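Given the sequences, and given the hints that come with them, work out the whole structure.
Heads up, the sequence shown is in numbering that gives the first Met the number 0, so the first residue is 0 and it goes up one at a time.
Hints may contain errors.
Stated by the list, open to error - Mimicking SDA-like on lysine to any residue, the simulated pairs with C-alpha atoms at most 25 angstroms apart in a straight line are:
(1) 282 to 297
(2) 166 to 182
(3) 166 to 106
(4) 166 to 154
(5) 166 to 259
(6) 282 to 107
(7) 166 to 274
(8) 166 to 23
(9) 282 to 129
(10) 166 to 26
(11) 166 to 48
(12) 282 to 293
(13) 282 to 140
(14) 282 to 263
(15) 166 to 84
(16) 166 to 238
(17) 166 to 185
To be verified - Pair ranges (Cβ atoms, derived):
(18) 285 to 109: 36 to 46 angstroms
(19) 39 to 77: 18 to 28 angstroms
(20) 193 to 61: 46 to 56 angstroms
It should be emphasised that the hints constitute simulated quantities derived from the structure, not laboratory data. Fair warning: this is a prediction, and the values are worked out from it, not measured in the lab. Just so it is clear, CB atoms sit at the ideal spot from N, CA and C, and this is done for glycine as well.
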Amino acid sequence: MGKSSNISASHEPGGLIVHISGLLPSLSPAEQRVARLVVADPADAARRTITDLATAAETSEATVIRFCRSVGMDGYPQLRIRLAAEAARRIEPPDARVVGGDIPPGADLAQIIATIAFNDARAVEETAEQLDPAVCERVVDAIVGAGRIDIYGAGASGFVASDFQQKLHRIGRTAFYFPDVHTALTSAALLGRGDVAVGISHTGTTSDVVEVLEQARARGATTVVLTNFPRSPVTEVADHVLTTAARETTYRSGATASRLAQLTVVDCLFVGVAARNRSQARKALEATAEAVRSHRVGSGRRRA
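Shown next as structure tokens:
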């Protein structure tokens with residue numbers, strides 16, 4: 000099966016800055032310094048000459064040119080044009096203290112709230128903008144036709160995997176989530192053609208998720224990956240790659256904005272699956288809601 004992805008060298012859904020942020024871990028250390036300057040302030044980078052940008056990044060002009068090619072640009076002139084366009088469309092927070100996304104030492108709670116709210120909202124919006132509907136459609140096709148769906152994730156991504164499993168289960172899909180790598184591996188070993196294995200990893204480097212998807216793929220299952228970085232190791236074992244667009248900041252690496260972005264994608268897939276058979280999904284949701292109704296305070300119904 001050929002891998003499908005929502006990232007290409009010539010087109011960056013959702014914007015160039017999102018594209019560069021996703022590729023950052025795959026760049027060389029010197030190229031990463033250029034990337035961080037560009038991502039932090041596209042307008043400033045667009046105004047700089049190649050010599051200025053190289054000096055600011057403490058690297059060479061040749062490295063800047065390599066960076067351009069690494070992110071799909073023909074050269075520096077094209078990068079400057081694209082950055083200028085990106086800066087023109089970029090939405091900045093109403094509070095100037097939130098610019099940059101990091102929470103500085105001594106920040107008061109009002110600034111913390113404003114910063115987190117802006118960056119979480121931006122992660123959701125940018126994730127939605129860069130999602131490729133065609134890839135999502137193929138993933139929905141696979142899930143709808145699957146005999147069984149296994150979902151894997153560790154840490155914060157594990158909470159998202161559990162949420163996805165619960166959503167699918169509520170509309171009658173046979174779905175499982177295994178937080179322990181040993182049980183995940185034994186489950187993956189029993190998958191086969193027609194089944195689907197979904198791995199969720201913000202960094203794309205979680206070895207447990209990579210290993211389980213390798214096992215599932217070897218058994219013939221269709222493998223799906225949700226990650227923030229399209230060139231990360233986990234994408235090498237995926238038939239379909241979906242990406243988020245979360246930029247973590249101070250105190251929040253891999254834990255908050257990324258989780259909200261992942262939940263956005265999961266919700267899109269869930270609704271896509273449910274929409275294929277609205278009547279069946281509605282009946283399943285009503286039945287499962289009724290099953291727990293007596294456990295809600297003030298429901299008007301009491302257990303004997």
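Hints, one by one, checked against the model:
Of the pairs offered as hints, the one joining residue 282 and residue 297 holds, with about 24 angstroms between alpha carbons and a cut-off of 25 angstroms not exceeded. The suggested pairing of residue 166 with residue 182 holds, with an alpha-carbon distance near 21 angstroms, which does not exceed 25 angstroms. Note on residue 166 and residue 106: the hinted pairing is violated, with a Cα-Cα distance of about 38 angstroms set against a maximum of 25 angstroms. A distance of roughly 19 angstroms separates the Cα atoms of residue 166 and residue 154; the hinted pair therefore holds under the 25 angstroms criterion.
Between residue 166 and residue 259 the alpha-carbon distance is near 16 angstroms, which keeps this suggested pair within the 25 angstroms criterion. Only pairs whose Cα atoms come within 25 angstroms are accepted, and residue 282 paired with residue 107 is rejected, the gap being roughly 48 angstroms. With a C-alpha separation of about 13 angstroms, the suggested pair residue 166 and residue 274 falls inside the 25 angstroms cut-off, and the hint holds. With a C-alpha separation of about 32 angstroms, the suggested pair residue 166 and residue 23 falls outside the 25 angstroms cut-off, and the hint is violated.
At roughly 33 angstroms between alpha-carbon atoms, residue 282 and residue 129 are farther apart than 25 angstroms, so this suggested pair is violated. Between residue 166 and residue 26 the CA atoms are separated by roughly 36 angstroms; this puts the pair beyond 25 angstroms, and the hint is violated. Of the pairs offered as hints, the one joining residue 166 and residue 48 is violated, with about 51 angstroms between alpha carbons and a cut-off of 25 angstroms exceeded. For the proposed pair residue 282 and residue 293, the alpha carbon gap of about 18 angstroms is at most 25 angstroms, so the pair holds.
In summary, the hint linking residue 282 to residue 140 is supported, as the alpha carbons are separated by about 21 angstroms, within the 25 angstroms threshold. For the hint pairing residue 282 with residue 263, the CA-to-CA distance comes to about 24 angstroms; that is within 25 angstroms, so the pair holds. Proposed proximity of residue 166 and residue 84 is contradicted: the alpha carbons are some 39 angstroms apart, above 25 angstroms. The straight-line distance between the Cα atoms of residue 166 and residue 238 is roughly 23 angstroms, inside the 25 angstroms bound, and the hint therefore holds.
For the suggested pair residue 166 and residue 185, the alpha carbons sit about 23 angstroms apart, so the restraint of at most 25 angstroms is met. Against the hinted window of 36 to 46 angstroms, the Cβ-Cβ separation of residue 285 and residue 109 comes to about 43 angstroms, which satisfies the hint. A C-beta distance of roughly 20 angstroms is found between residue 39 and residue 77, which places it inside the suggested range of 18 to 28 angstroms. Between residue 193 and residue 61, the C-beta spacing of about 50 angstroms keeps the proposed range 46 to 56 angstroms intact.
When each numbered hint is compared with the structure, violations occur for hints 3, 6, 8, 9, 10, 11 and 15.
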